[in-house]
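Novice: Could you build the full structure based on these sequences and the hints that come with them?
Chains as they are written, first to last, in the working numbering: chain A, 1 to 341; chain B, 1 to 341; chain C, 1 to 341; chain D, 1 to 341.
If you are wondering where the hints come from, they were derived from the structure by calculation, not from laboratory data. Owing to the predicted nature of the structure, the values given are computational and were not obtained by experimental measurement. Careful: at least some of the hints might be erroneous.
Any copy will do: because identical chains look the same in the list, a pair fits if it lies in one copy or spans two.
[As the list claims (entries may be wrong)] Distance condition first, Cα-Cα at most 27 Å in a straight line; then the derived DSSO-like pairs of lysine-lysine:
1. Lys70 - Lys227
2. Lys67 - Lys6
3. Lys227 - Lys67
4. Lys12 - Lys67
5. Lys6 - Lys227
6. Lys6 - Lys155
7. Lys70 - Lys12
8. Lys70 - Lys260
9. Lys227 - Lys12
10. Lys260 - Lys155
11. Lys6 - Lys70
12. Lys12 - Lys260
13. Lys260 - Lys6
14. Lys155 - Lys67
15. Lys260 - Lys227
16. Lys155 - Lys70
17. Lys155 - Lys12
18. Lys155 - Lys227
19. Lys67 - Lys260
Number of protein chains: 4
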Amino acid sequence: MMIIMKPTATEKEIQAVIERVESAGARAHPSRGEEVTVIGAVGDREHVTRLGLDASPGVERVVPILKPFKLASAQLRHGVRSVLEIAGRRIGGQHFALIAGPCTVESRDQVLATANVVRDGGAAFLRGGAYKPRTSPYSFQGLGQEGLRLLAEAKEETGLPIVTELMDVRDLDAILEVADVIQVGARNMQNYPLLAEIGRCDRPVLIKRGLSSTLEELLMSAEYVLKEGNENVILCERGIRTFETAYRFTLDIMAIPVLKEMTHLPVVVDPSHAAGRRDLVVPLSLAAAAAGADGVMVEVHPQPEAAICDGPQALPADEFPAYVDQVIQAAELAGKELSRV
Amino acid sequence: MMIIMKPTATEKEIQAVIERVESAGARAHPSRGEEVTVIGAVGDREHVTRLGLDASPGVERVVPILKPFKLASAQLRHGVRSVLEIAGRRIGGQHFALIAGPCTVESRDQVLATANVVRDGGAAFLRGGAYKPRTSPYSFQGLGQEGLRLLAEAKEETGLPIVTELMDVRDLDAILEVADVIQVGARNMQNYPLLAEIGRCDRPVLIKRGLSSTLEELLMSAEYVLKEGNENVILCERGIRTFETAYRFTLDIMAIPVLKEMTHLPVVVDPSHAAGRRDLVVPLSLAAAAAGADGVMVEVHPQPEAAICDGPQALPADEFPAYVDQVIQAAELAGKELSRV
Amino acid sequence: MMIIMKPTATEKEIQAVIERVESAGARAHPSRGEEVTVIGAVGDREHVTRLGLDASPGVERVVPILKPFKLASAQLRHGVRSVLEIAGRRIGGQHFALIAGPCTVESRDQVLATANVVRDGGAAFLRGGAYKPRTSPYSFQGLGQEGLRLLAEAKEETGLPIVTELMDVRDLDAILEVADVIQVGARNMQNYPLLAEIGRCDRPVLIKRGLSSTLEELLMSAEYVLKEGNENVILCERGIRTFETAYRFTLDIMAIPVLKEMTHLPVVVDPSHAAGRRDLVVPLSLAAAAAGADGVMVEVHPQPEAAICDGPQALPADEFPAYVDQVIQAAELAGKELSRV
Amino acid sequence: MMIIMKPTATEKEIQAVIERVESAGARAHPSRGEEVTVIGAVGDREHVTRLGLDASPGVERVVPILKPFKLASAQLRHGVRSVLEIAGRRIGGQHFALIAGPCTVESRDQVLATANVVRDGGAAFLRGGAYKPRTSPYSFQGLGQEGLRLLAEAKEETGLPIVTELMDVRDLDAILEVADVIQVGARNMQNYPLLAEIGRCDRPVLIKRGLSSTLEELLMSAEYVLKEGNENVILCERGIRTFETAYRFTLDIMAIPVLKEMTHLPVVVDPSHAAGRRDLVVPLSLAAAAAGADGVMVEVHPQPEAAICDGPQALPADEFPAYVDQVIQAAELAGKELSRV
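Specialist: Here it is as structure tokens:
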């Protein structure tokens, strides 16, 4: 940590900072320039942070040097990328995985029809929500247990591993009976009790970036899971909040290469929620794959116009095979190949 | 809901939209202009929304007419403002309440010392966290049950009602034993199972706005509580995420008058978390009170430089009385008086 | 324009709005729902806008129906995309153009060396700044007239048409002597006198999106040029301001497909300024091309570590040919081919 | 400047950075921690910046230590605040100035009527636009020269000094004949040729913050003026772009106390443009004054419903005296008094 003093800081203020740094068991290295003094503090980050030196007299600001995430950091694995193997499918490294399915589980027919289409089209995973976080309490909240049962049936029939969202920590056991990958939605990215509980089981988890979460915060959320011993974390960019009103969210394509530099964990992209519109799903999927994403998570529906939820952003099932062909080519540009069983 | 068709929409596309609106049990009122046709849809909002008409051929966009929140809306009470009475303290309407105390409960001495100072200084409520949402899993996470016990002791000694945060739905019963007001933090603003569970008890709740949540979303979160029967909701502005890096968050002062127009619920402001710096707490508190806030929630610590968490933003306890004097004057400008027992 | 009345609006307030709409020479079409009344106003947009009905008693909000841009709109050309032909190079439609060169013109050797490399590598245009908008008045501001002279020499030697920035309307004549495409930077996107003056000559112009400008505002800036009679406008996405601090700007890849839906004008992407870092330029360029951009504007320098300005984001000249190969493949995925003479 | 190396940086990479720092005439002070090495660079900021060390092998990031603005910095005057005296009115320090008038000069009657009302109500300056930056080229662009003539007449009649906007550097001489304070609008905040030209005359200038400009960038724009010798700069916060759609812009109240810490220059607030709605102007003005603003710039119109431009945000002239009474009280809370002749 570097403590940058104000140009007006007095010698007494500088000494006081040095003493406080040392009181926390850290070493202080002052460096006196012509205009300002900078004090390096070497020691336990948490201890020094607790000193709250930002507010000490004469301090301009405190600049952290080390990244606050450890287990998620790219350095942990010396630059080697993590490849997760889930029910025989690989994701990460050179393996590009398609996660496809309906936004919400609506009915037996809908889930089974979609599952068959996406399996045949090349998807590695079936996605589908039984518990749905909805902005309005008056909106459809998902089929719950019945939805999980239908996902289990689809898995039985198609062999596809299941990705489904956990919203309430009390539903964890029920989710664990069906999910091969537990999804944590953007609104729960900083629900720390939920993350810690998932960390205590060893089921893979896909964590979506919060609408205004920094990449560092996303990695800190992953760290909550990793710290408890669960190493199977996938990160998901799904669009952020900006001033632009022409679309629902702004897909942050730069997150892909930058996350890859910061962490060894796989990074996938959800173009459906970012766009909220079907016609943007193809260009955004191609962009994500070309930029090096480890997968795409896309909504597919046999009859989008009859979907209960988010129909406007679902790809029609019959367009899925052509979609996959294009996305594979974009992923190949980034040196990846489609993950298949 | 108004469905605005594209200038290029065909008569067939227009008819298809009309038929789909009517299939959802709503009435369609087309209005044909020289350049575009607009179709008004009158009927159940949820049913029409589910049609996903945004993605229908020929549709430019769908504009909602009615607000999605009902129980939180100012119209529900015909413009009369809700005044909550909690352990003899009033908040809302002309009653301005100070909620003060440490960020985190650290020790018996710290809590009791602070509680006495803020009670004497004019605070209506004691705030203090036993469970702390921390970005890093390596940071101090609060004293938990022991922290709740200390808050109970402070309440016993000073008579001040307690505001404390609930992070995990499984801790609700423990929190209910101590809290007069349950706090829902910014990170949990869209934790719907938590909100619904709080809605099922009748304890007052203070909901903080998420870092990138719109005012409408904040009201929808209040609606989750209200819908379950709990009418005692307080809203809290605590700073939003913007591009500006000179401060931690940007306090959105406009939220105060605009929320007052949208809802009958009381609106308070947390200047401490927005600023992250003590020297901004006074000007922001004055601004909030002058703009019509129903209260301010402020961090106070007997020895900020020794605080475990967020010391840099805490007011020193001995400056609290002078602070209160200034804030009262600003609140009076907005036609309010300090809430006292 | 639709005027949405408040649920509490009185009949008198509704009548007053109707009368004011008609006083502006427009027709009013009230539509009375159970909860609210909506009044459609058909007539001259500017006249109705001037009424400022948003602030009239009983009005909730005013929703514009028609887009405010006309000459830039996709409808103007019935969905046919504009293809500009500039010094024999095509841009737009299926033609993908590479605009490459140094950020700043520094010296004769630097410009000529770079110009030769990018011409040989497949660039259609040479970019290079003689006038540089710099945040600090103490930073190098460009070589000015001497820079223009060196660009002219590079054009003479390589045959490449020149893209260079105009910052000051008083420099227009000097720029016109050299530039085949006049660049308007992000900071000048809403410099209306500059845009109008460019509109009065017929030289092609490339307008960069402002850091927090909406797509609609970008098109309105294009409209300032088009309105004066200059039809040769290229739009450029170069990254927007968001809360994320891990990169300088956030490249808004969604702007590409959405602009293509809104306008017939060509859309290019500048990945260098968005990223500010060389290692992000390749993935962002591939993403932009795969998402359907009509070109990429990229910084290339013979010795980036010796560049006076923005060296960290420049591609080394010797990596340019390999870069072009990759970008061409991504553009082909989007159905485009490299524009060459 | 501190150069933070990556944990994986080699000794050779560290040496290379040290050599490059020294090649720029600066001194390098390496500080080797257990995990990372940090290199302090002491010397000319511009020279070291040009090295582009962010992109050098082994470098994690570069942290500037000194602020890039000098003449605008609070330190320049050792914490003493600048008080400008303009035509006998003071602004800055303890002097709070009201700048009031119409958005746009529309007619002789309108300007003179408004000027008289605001003079009698306690305004120190008359504002009014003759040249108007409008997003649409189809909107009214101001009366131009005729508008300036009417402002001169209003000044003659009321004695009020004039604040009016300069958009085009070619209009500077015409503006100088009338304006006591030249206004630079938010869209031109980074129009550097315009700023430098204003810097070369000694007329006071009021610079509005750009919609997504940081406070540091605002001060750098002031620096462009100061560097040329014009010391009479006033800064103006007028709302920034955020994700919130409930209002046009988000007034950044925190900018007031933070700018006061950064600079000696006076800081005023424009609540009218931020809000875009009359009913928010009072609470925002009170908030701004209570937070320590040196003035408020507010739109007043004799008949807002008949205004050509921005009528919805104008205060009706007959409400101006009551408005001033309230704002004075809020300014007094911050230790200021109304500036009068």
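Novice: Hint by hint, note whether the structure agrees.
Specialist: Against the structure, the hints come out as follows:
In this assembly of identical chains, the alpha carbons of lysine 70 and lysine 227 lie at most 27 Å apart only when taken from the same copy (9 Å versus 42 Å across copies). In this assembly of identical chains, the alpha carbons of lysine 67 and lysine 6 lie at most 27 Å apart whether taken from the same copy (24 Å) or from different copies (10 Å). For the identical chains of this complex, lysine 227 and lysine 67 are intra-copy neighbours only, at 15 Å inside a copy versus 39 Å across copies, given an alpha-carbon limit of 27 Å. Taking CA atoms no more than 27 Å apart as the test, lysine 12 paired with lysine 67 passes between copies only; the shortest distance there is 23 Å, against 31 Å inside one copy.
With identical chains, the CA atoms of lysine 6 and lysine 227 are at most 27 Å apart between copies only, with a shortest distance of 23 Å across copies and 37 Å within one. Taking the shortest Cα distances, lysine 6 and lysine 155 never come within 27 Å of each other, neither inside one copy (62 Å) nor across copies (41 Å). Taking the closest pair of Cα atoms, lysine 70 and lysine 12 come within 27 Å of each other only across two copies (25 Å); inside a single copy the shortest separation is 36 Å, beyond that limit. For the homomeric pair lysine 70 and lysine 260, the shortest alpha-carbon distance inside one copy (15 Å) is at most 27 Å, but the shortest distance between copies (39 Å) is not.
Taking the shortest alpha-carbon separations for lysine 227 and lysine 12, neither the intra-copy value of 41 Å nor the inter-copy value of 34 Å comes in at or below 27 Å. Neither within a single protomer nor between protomers do lysine 260 and lysine 155 lie at most 27 Å apart by alpha-carbon distance, with minima of 31 Å and 40 Å respectively. For the identical chains of this complex, lysine 6 and lysine 70 are inter-copy neighbours only, at 14 Å across copies versus 31 Å inside a copy, given an alpha-carbon limit of 27 Å. For the identical chains of this complex, lysine 12 and lysine 260 are inter-copy neighbours only, at 25 Å across copies versus 44 Å inside a copy, given an alpha-carbon limit of 27 Å.
For a Cα distance limit of 27 Å, the shortest separation of lysine 260 from lysine 6 across copies, 15 Å, qualifies, whereas the shortest one inside one copy, 36 Å, does not. In this assembly of identical chains, the alpha carbons of lysine 155 and lysine 67 never lie at most 27 Å apart, being 40 Å within a copy and 40 Å across copies at closest. With identical chains, the CA atoms of lysine 260 and lysine 227 are at most 27 Å apart within one copy only, with a shortest distance of 20 Å there and 43 Å across copies. Taking identical chains as interchangeable, the C-alpha atoms of lysine 155 and lysine 70 are never at most 27 Å apart, the minima being 35 Å within one chain and 40 Å between chains.
In the homo-oligomer, the alpha carbons of lysine 155 and lysine 12 never lie at most 27 Å apart, since the shortest distance is 69 Å inside one protomer and 41 Å across protomers. Taking identical chains as interchangeable, the C-alpha atoms of lysine 155 and lysine 227 are never at most 27 Å apart, the minima being 30 Å within one chain and 36 Å between chains. For a Cα distance limit of 27 Å, the shortest separation of lysine 67 from lysine 260 inside one copy, 15 Å, qualifies, whereas the shortest one across copies, 32 Å, does not.
Hint compliance for this structure: hints 6, 9, 10, 14, 16, 17, 18 are not met, and every other hint is.
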